[in-house]
Structures are given as C-alpha cells and as structure tokens.
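Undergrad: This is what each chain is made of:
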Amino acid sequence: MEIKLKLNGKAVAGSVEADTPLIDFLRQKGCYSVKCGCDTSNCGLCTVFLDDVPVLSCSVLAARADGHAVTTLEGLQEEAADFVGFIADQGADQCGFCNPGFVMNTIALLRENPDPTDDEIRAYLAGNLCRCSGYEGQLRGIRAYLDSRKGKGAQNGN
Amino acid sequence: MMTIQNYVRPQTLEQAYELLSKNRRNRAVAGMLWLRLTGGSIQTAVDLCDLGLDTMEETDDAFVIGAMTPLRKLELAPGFAAYTGGAAARALGDIVGVQFRNLATVGGSVFGRFGFSDVLTLLLALDTEVELYGAGRMPLAEFAELPQTTRDLLVRIYVKKTPGNVAYRAVRIARTDFPVLTCAASRLDGKVRLCVGARPGKAMVLDLTEAAAGGLTPDTVKSLAEEAAKQILTGSNSRGSAAYRSHLVRVLAERTLSQVGGFGNGD
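Chains as they are written, first to last, in the working numbering: chain A, 1 to 158; chain B, 1001 to 1267.
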C-alpha cells in the first residue's frame, strides 16, 4: 500500500506492506538515528514523534502514520544540540546506542515540562533503557543543562 | 512477528463492526504494542484510529473514556486524578514508559483482559461499565468474565463518579517491568471491594461489603487482608511463586484497605 506523510517537515511517500513497522519505513528513508533495541516495545531506543507525541516506532504500523507528521532526531538537530553536550560532559554515554532515544524523549519532556524536578525527569525517562551507565550520568547532564539555562535566564534578566 | 495481509481504517463504527464480523482472522488494531512479539496471521487489520474514540469526557456523573484513549491521557486527566485520589497515576505511571503509554489504549487494556493489567485492576475497583457496539452497556466485572471474541467492538468505558475513595498499589521487580501483583481497594457508596491482579491470572474481585459492615478499622482490615490472602487464587511464574504472591496479597490488601479506611497512606 502507498502511504504519504510529513517526515521531518518534508512530504514523503512510499510503498509499505500492511505489517511494516514505522521504524523499518523510517530507516528505509535514511533516518538511521531510529534504531531497534529490543523489539519488545520496552527500551525506548526507537522513539520518534508522531504528531509531536513521543511513541515507539517499533510498535506503530507504518500505515498508521499515513497522513500524519513524523519527526526523528534528524529533524531536531538544533533543539538536541542545546543539551547533548551537557550529557557528553557527564560521560553519560558509554556505547551511545541508547542516546537517540534518550535525546528524543528528553526533548519531549522539556517541551511538556520546561522545568522538571529530578523525580519528574526519572519518571519521564523511565521508558528509556541504558545497559551501560546506570542513568545517573544522563540525569546529571539534563540537570546541568537546566541549571545553565536558568543561569542564562538570570544573566539576561529573565 | 504477526503478519497482516490488509490494513483498513474504517470511518464509522458500523464499518468497523462489519469488517470484524466478516472474518475471524480480521482483528481490531488499537495501541499496536508488542507487534513483533505477537505471532499469528491477520487477514485484515481494522485500525480504530479514525473513529474519534481517543477522547475522554467528564460529565456530572461519569468519566466517559473512548476506547482509543491513550493511557497517558487517562494518567494526566486532572478530574480523574482527583476522583481517584492519585490511584490512577499509581496504576498507570509505571507501565513501561511515556512513549508506550502514548500508544497503549484504555480500550486495549480492558478488551485484552490481560492478567498483568494494572488498568483492569484499577477499573474493576471503580464503578465501571463498558459499552460494546450493538450490545450496549454492561458492568466491567461482567465483561471481564466473558470469553474473548474478535467480533466484539469495545466503544467506550464509563467510570461513574460514585462517591467514595480508592487506593492502588502494585509490586514490581523493576520499575517498568510487568507487576508481580496488583491490588486496588475501594469503598464506593458503602460498598467495599478488593481487586487483585497479576496473580498472575486476570484480576479477581472480592466483595467485602458485608465483612466490612462494622467499618474499616485497623483490626477489621487486618482480618480482611488475611482472609483475602486465603481466597485470592495465586500461581507461580518467573516473577514470583504462588506463596510469595499470596504473601503480597495480604500485605497490599492491608495497605490499600487501610488507606481506604482513612488510617493509612498505603505504604
């Protein structure tokens, strides 16, 4: 079947089987930040935005995305660039495999709640699994980013 | 992974029902979770996403929840959170992750009647009815006992605003894992109920109204919890033994009933 959707702001079309998962379609379109970690709807690595809502692309049929807007990390480079340096500074990434999912879901969190507490960060990112780091590095990175943003706000008199 | 031959998005409930009735291998599609874990072959996947069932409405006497309402929307609904005194957030907040709960639907959780379902456990403790296309409304407890067929079409879930309170607790090995045991207690309009799920079977409901007729005092709650541990059937799986689950039934029943009785915080 033919589907048409908006991918990272651009109109795209493609032919998919009825049971093609969205993740496979997105990788065919060159969005390699979207990776398959678990195949069990559990790890958060394949997170994309479907109409600005974070979802697991391994668990959405590509056909469901027909007529909708899909955003991957490739389309959010500027927004991501704001805080990924803070995560790297904390050594939060070791193998880095989980990083795109973490970044996508952190963007979703900060859009929904621009000033989260540590517990709110932990709760929101609970669906993103990391086998290397124990999560504290990511938490420290996000906290450092938020603190720096507050600092800038104070400097600007906001 | 399951295979799907055709994919259709019906525009009316009637079209969806017709498609589901036409062939036993046609299946309704809602949250789509665990696509790759699920085997089998579907002739036509009937996606319910265009039927306008993803909304939740609060009326004077009920919460009317469309079957396609994502769990996350239910979790964040301020009216429902207030009515359940935070029990909804407790029941929903540890289900995998935000991305999962943005996809998983209330209808899918109810229709699936999964043993591990936090949602079913909570809703069974409330005054809940379901609406099936064509068949009308029936109490959730009745629906939960019906055998699953591919031809029923769940449209809405009604949680009546019966005055009272509810408490929810679950035990998990890890925060976002399936629960080892789920437990919800309620006292609604004088009726006292205890629901226990993830036994690992589907949630069981105990009507404790008579046993609690003298009021929910600490002593009554203790004996009700001990009795519940005897009455609730438990089994073993990789997450816990039957004996461990029965122990948890007593502990969680005591905590939730204490909270409902107004002399505990559930912890």
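Hint data in this document are derived by calculation from the structure and do not stem from the laboratory. One or more of the hints may lead you astray.
Ranges of calculated distance between the beta carbons of each label pair, as one might list FRET restraints [said to hold, decoys possible]: (1) B:S1236 / A:Q94: 35 to 41 Å; (2) B:V1251 / A:C95: 20 to 26 Å; (3) B:Q1148 / A:C95: 26 to 32 Å; (4) A:E120 / B:P1218: 31 to 37 Å.
Everything numeric in this text was worked out from a predicted model, so none of it was measured. C-beta atoms are modelled at their ideal positions from N, C-alpha and C, and glycine is treated no differently.
Undergrad: Hint by hint, note whether the structure agrees.
TA: Hint check results:
no. : hint                         : verdict
1   : B:S1236 / A:Q94: 35 to 41 Å  : holds, 37 Å
2   : B:V1251 / A:C95: 20 to 26 Å  : violated, 39 Å
3   : B:Q1148 / A:C95: 26 to 32 Å  : violated, 42 Å
4   : A:E120 / B:P1218: 31 to 37 Å : holds, 34 Å
Of the numbered hints listed earlier, those contradicted by the structure are 2 and 3.
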